[in-house]
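As given, the protein sequences belong to chains G and B, one line each in that order. Heads up, the first sequence is in the UniProt record's numbering, so the first residue is 1 and it goes up one at a time. Heads up, the second sequence is in the UniProt record's numbering, so the first residue is 1 and it goes up one at a time.
Since the hints were derived computationally from the structure, they do not count as laboratory data. A quick note: this is a predicted structure, and the numbers were derived from the prediction, not measured. Errors might be hidden in some of the hints.
[Claimed, not checked] Computed from the model, here is a short list of chain G residues facing chain B with C-beta under 10 Å:
1. L129
2. G160
3. L161
4. V171
5. G190
6. M230
7. V234
8. I257
9. T260
10. I267
11. L269
12. M285
13. F297
[What the hints assert, rightly or not] Just the calculated beta-carbon pair ranges, DEER-fashion:
14. B:R237 - G:H205: 37 to 47 Å
15. G:Y207 - B:M74: 48 to 58 Å
16. G:Y207 - B:G25: 42 to 52 Å
17. G:S194 - B:L318: 33 to 43 Å
18. G:H205 - B:I113: 42 to 52 Å
19. B:G221 - G:S100: 50 to 60 Å
20. G:V63 - B:L230: 30 to 40 Å
[To be verified] Below 20 Å or equal to it, Euclidean Cα-Cα: the simulated SDA-like pairs (lysine to any residue) are:
21. B:K7 - G:S197
22. B:K7 - G:A56
23. G:K41 - G:V63
24. B:K7 - G:V147
25. B:K7 - G:V154
26. B:K163 - G:L148
27. B:K7 - G:D153
28. G:K140 - G:T150
29. B:K7 - G:R146
All C-beta atoms in this analysis are idealised placements derived from N, C-alpha and C, irrespective of residue type, glycine included.
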Amino acid sequence: MKHTESDTGSEREFSFGAAQSEVEVTTADRLREFYREFIYKPGLVAWEDRRTRIGAIIMGIYVFIGTIGAWLYREPSTNQSPRSLRPFETLEAPLGTTGSGQDVLAMVIHATPEMLIMILSGGIFATGLAVLIGTVAGYKGGTTDRVLTTFSDVMMSIPGLPLIMVLAVVVSPERAAVIGILITINYWAGLARSIRSQVLAIREHSYVEASRTMNVSTPRILLKDIIPNMMPYVLVNFANAARYVVFASVGLYYLGILPTSVANWGIQLDNAYSQAGALSGGGTMYQLVVPMIAIMFLALGLILLAQGMDRVFNPRVRTRLAGESGSETDDEDTAAPTEVMT
Amino acid sequence: MNNYYIKRTGRAVLTLWVTVTLTFGLIRAIPGGPLEMLRARLVRQGVDPSRIDAIIQSRQQESQPIYVEYYEYMSSLLSGNLGESFYFREPVSDIIIDALPWTVFVMVTATIILFAIAVVWGALIAYKEGSTFDTASSGLSILLSSVPFYVLGILFVVVFSYKFGVFPARYRTSPGISPELSFLFIQDALYHAALPIASVVITQVGLQTLAMRGNSIQVLGEDFVRVARLRGLSDRRIATRYVGRNAILPMYTGFLTLIGFNLGGSVILEEIFTYTGIGYYMFEALINRDYPLMMGIFLVITTALVLSVYIADLTYGLIDPRVKSGDSNEAY
Numbered sequence: 001m002k003h004t005e006s007d008t009g010s011e012r013e014f015s016f017g018a019a020q021s022e023v024e025v026t027t028a029d030r031l032r033e034f035y036r037e038f039i040y041k042p043g044l045v046a047w048e049d050r051r052t053r054i055g056a057i058i059m060g061i062y063v064f065i066g067t068i069g070a071w072l073y074r075e076p077s078t079n080q081s082p083r084s085l086r087p088f089e090t091l092e093a094p095l096g097t098t099g100s101g102q103d104v105l106a107m108v109i110h111a112t113p114e115m116l117i118m119i120l121s122g123g124i125f126a127t128g129l130a131v132l133i134g135t136v137a138g139y140k141g142g143t144t145d146r147v148l149t150t151f152s153d154v155m156m157s158i159p160g161l162p163l164i165m166v167l168a169v170v171v172s173p174e175r176a177a178v179i180g181i182l183i184t185i186n187y188w189a190g191l192a193r194s195i196r197s198q199v200l201a202i203r204e205h206s207y208v209e210a211s212r213t214m215n216v217s218t219p220r221i222l223l224k225d226i227i228p229n230m231m232p233y234v235l236v237n238f239a240n241a242a243r244y245v246v247f248a249s250v251g252l253y254y255l256g257i258l259p260t261s262v263a264n265w266g267i268q269l270d271n272a273y274s275q276a277g278a279l280s281g282g283g284t285m286y287q288l289v290v291p292m293i294a295i296m297f298l299a300l301g302l303i304l305l306a307q308g309m310d311r312v313f314n315p316r317v318r319t320r321l322a323g324e325s326g327s328e329t330d331d332e333d334t335a336a337p338t339e340v341m342t
Numbered sequence: 001m002n003n004y005y006i007k008r009t010g011r012a013v014l015t016l017w018v019t020v021t022l023t024f025g026l027i028r029a030i031p032g033g034p035l036e037m038l039r040a041r042l043v044r045q046g047v048d049p050s051r052i053d054a055i056i057q058s059r060q061q062e063s064q065p066i067y068v069e070y071y072e073y074m075s076s077l078l079s080g081n082l083g084e085s086f087y088f089r090e091p092v093s094d095i096i097i098d099a100l101p102w103t104v105f106v107m108v109t110a111t112i113i114l115f116a117i118a119v120v121w122g123a124l125i126a127y128k129e130g131s132t133f134d135t136a137s138s139g140l141s142i143l144l145s146s147v148p149f150y151v152l153g154i155l156f157v158v159v160f161s162y163k164f165g166v167f168p169a170r171y172r173t174s175p176g177i178s179p180e181l182s183f184l185f186i187q188d189a190l191y192h193a194a195l196p197i198a199s200v201v202i203t204q205v206g207l208q209t210l211a212m213r214g215n216s217i218q219v220l221g222e223d224f225v226r227v228a229r230l231r232g233l234s235d236r237r238i239a240t241r242y243v244g245r246n247a248i249l250p251m252y253t254g255f256l257t258l259i260g261f262n263l264g265g266s267v268i269l270e271e272i273f274t275y276t277g278i279g280y281y282m283f284e285a286l287i288n289r290d291y292p293l294m295m296g297i298f299l300v301i302t303t304a305l306v307l308s309v310y311i312a313d314l315t316y317g318l319i320d321p322r323v324k325s326g327d328s329n330e331a332y
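Turn these sequences into a full structure, and let the hints guide you.
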């Protein structure tokens with residue numbers, strides 16, 4: 001079947017507006033439908049799963065700390081409290097202070113907003129680019145597919161961490177949003193590949209073929225017919241990309257490769273490890289443990305979200321929970337955990 | 001089928017070429033460029049300013065059009081010349097030849113161990129799906145994978161090396177032990193590699209276990225497993241021949257990619273353990289702005305990753321004869 005994109009003349013004779021005039025669909029209706037299909041139902045399924053619930057709560061706590069917490073709690077500065085306080089000694093600095101009198105809790109709290117920005121920019125960049133390249137390559141096929149697939153294959157084969165490090169030294173980025181994008185500079189490639197293979201299956205569905213026969217433009221088919229099918233998968237991978245951003249950024253800050261102008265848990269780890277004498281008998285272990293816990297819980301929240309959201313894949317679970325189907329059939333989730341890059 | 005191998009080889013070569021070109025471009029994109037770096041280095045060495053100017057002048061006359069430089073860069077790379085390290089004052093290739101085996105040893109061992117554990121553990125969980133054992137194991141897996149490997153590495157160094165002194169905190173062997181095929185050497189090398197290997201295995205085993213669990217559960221639901229049960233085959237035979245084989249297949253590619261990924265991660269790991277593999281030298285190069293060494297190691301790690309994925313793709317057809325490769329789809 002040959003698809004004629006440039007044939008605009010045919011639209012006048014063969015109008016699709018007729019179908020819309022019979023059943024009036026208002027914007028409000030469409031919004032409500034969108035809400036039901038893409039927010040309420042997946043949300044319900046996701047919430048039903050204990051993992052997602054805990055993950056969402058953890059993420060909520062981090063967002064709270066990163067916004068209101070950082071606004072309420074004082075900023076870290078040297079000599080704001082007596083030096084080398086142990087945790088739980090004073091109310092002034094509940095988690096103790098460093099050797100230079102900085103409040104450990106304040107340091108952890110004030111590193112959170114930047115981390116959240118990094119996660120967001122990195123996640124949006126990685127999943128956005130992956131969806132764009134993956135869907136276009138999978139749907140268009142032919143030369144477009146070959147070029148885009150080769151491009152993502154090449155990007156995928158370049159090791160992420162060393163590439164980021166080399167780029168960080170050359171670019172020396174200061175803004176959290178830029179760092180997020182830099183870290184996911186080739187993370188999207190693997191995701192684009194798996195999205196492409198899913199699109200290859202989706203594009204054979206009859207409703208996609210129907211749209212194509214009706215001369216609907218390619219961007220519209222991608223947007224309306226193909227991408228909505230993959231939203232859960234994309235969300236799961238958003239969480240995975242976010243975790244990768246957390247691990248990589250803290251690691252880079254720990255190594256001291258990224259500029260230290262931004263507060264980060266990695267810098268805190270590095271200071272505690274090298275300067276505060278955490279090595280000399282573990283007397284200042286708390287300075288290491290506090291940022292470690294901050295990193296671990298954020299990663300835990302993201303993993304739980306990703307693992308739990310996998311269930312949204314399963315359409316049977318979704319309709320049953322939304323009360324649209326009464327069948328009490330098997331709800332075992334056979335969905336394999338999505339491919340994760342550690 | 002042959003066509004596929006040719007294409008795949010072409011892609012591997014293309015990737016390496018892109019990386020080489022990228023490093024070439026990056027070295028020139030560095031603020032100041034190579035000449036400014038040379039000047040800074042000479043100033044640090046305390047060379048007389050007028051002499052520095054003379055040296056820079058003489059170098060500037062040598063500067064050629066970019067394509068000539070590119071050609072020379074490529075040809076020297078192809079003959080194995082990666083330049084000389086500013087910081088260590090040794091040819092980059094010598095440093096890499098000395099360091100690479102150690103990193104490969106640590107990372108390959110760690111990845112093999114973690115996959116062995118993941119396959120067995122994941123399969124066991126899958127058989128007991130829904131039990132308390134399943135819930136506890138899955139929970140533990142998730143908890144373990146929320147720890148970055150370097151965080152566990154720091155904890156290990158602080159606790160085991162400095163507090164209790166049971167494991168060495170630095171270097172790949174004890175001083176005075178020469179690399180030879182003796183029991184003492186092997187024992188010492190393993191002793192020094194134990195903590196780095198452990199921190200990689202413990203933090204990465206969780207996600208692989210969950211992947212194996214998912215694969216096994218999927219295979220357990222297949223018709224051929226049911227038929228095998230109906231035929232009255234022993235559980236052991238079903239577990240190894242029918243379920244195990246099919247569940248491990250999708251993890252094969254992941255295994256080789258993870259080795260490549262871990263080679264990249266060695267930069268952080270080896271800095272923590274002061275383990276002088278290529279990751280450690282890459283870190284030193286990054287901190288000291290030693291660009292030839294930095295780019296040399298970057299190229300080596302990329303080559304390793306490209307090769308491991310290449311091998312994975314080429315051999316996958318041997319392991320799983322069902323896979324058909326090089327399919328093309330109708331273009332819209």
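Structure-based check of each hint:
1. L129: Since chain B brings no Cβ nearer than about 18 Å to L129 (chain G), farther than 10 Å, the hint is violated.
2. G160: Holds. Min distance 6 Å.
3. L161: Because about 4 Å separates L161 (chain G) from the closest Cβ in chain B, which is inside the 10 Å limit, the hint holds.
4. V171: Interface hint status for V171 (chain G): holds (9 Å vs cutoff 10 Å).
5. G190: holds (9 Å)
6. M230: violated (18 Å)
7. V234: Check failed: Cβ of V234 (chain G) comes no nearer than 19 Å to chain B, outside 10 Å.
8. I257: Given a least distance of 6 Å, the restraint on I257 (chain G) holds.
9. T260: This hint is violated: T260 (chain G) lies away from chain B, its Cβ roughly 13 Å from the closest one there, beyond 10 Å.
10. I267: violated (14 Å)
11. L269: Status holds, d = 7 Å.
12. M285: holds (7 Å)
13. F297: Hint holds; F297 (chain G) Cβ to chain B Cβ min 8 Å, cut 10 Å.
14. B:R237 - G:H205: 37 to 47 Å: holds (39 Å)
15. G:Y207 - B:M74: 48 to 58 Å: holds (51 Å)
16. G:Y207 - B:G25: 42 to 52 Å: holds (45 Å)
17. G:S194 - B:L318: 33 to 43 Å: violated (23 Å)
18. G:H205 - B:I113: 42 to 52 Å: For H205 (chain G) and I113 (chain B) the Cβ distance comes to about 43 Å; the hint holds.
19. B:G221 - G:S100: 50 to 60 Å: holds (59 Å)
20. G:V63 - B:L230: 30 to 40 Å: violated (53 Å)
21. B:K7 - G:S197: Holds, at about 19 Å.
22. B:K7 - G:A56: violated (45 Å)
23. G:K41 - G:V63: Cα-Cα ~24 Å, so violated.
24. B:K7 - G:V147: Cα-Cα ~13 Å, so holds.
25. B:K7 - G:V154: holds (13 Å)
26. B:K163 - G:L148: violated (52 Å)
27. B:K7 - G:D153: Holds: K7 (chain B) and D153 (chain G) sit about 12 Å apart, inside 20 Å.
28. G:K140 - G:T150: holds (15 Å)
29. B:K7 - G:R146: It holds: about 11 Å lies between the C-alpha atoms, which stays within 20 Å.
In the structure shown, a violation is registered for the earlier hints numbered 1, 6, 7, 9, 10, 17, 20, 22, 23 and 26, in ascending order.
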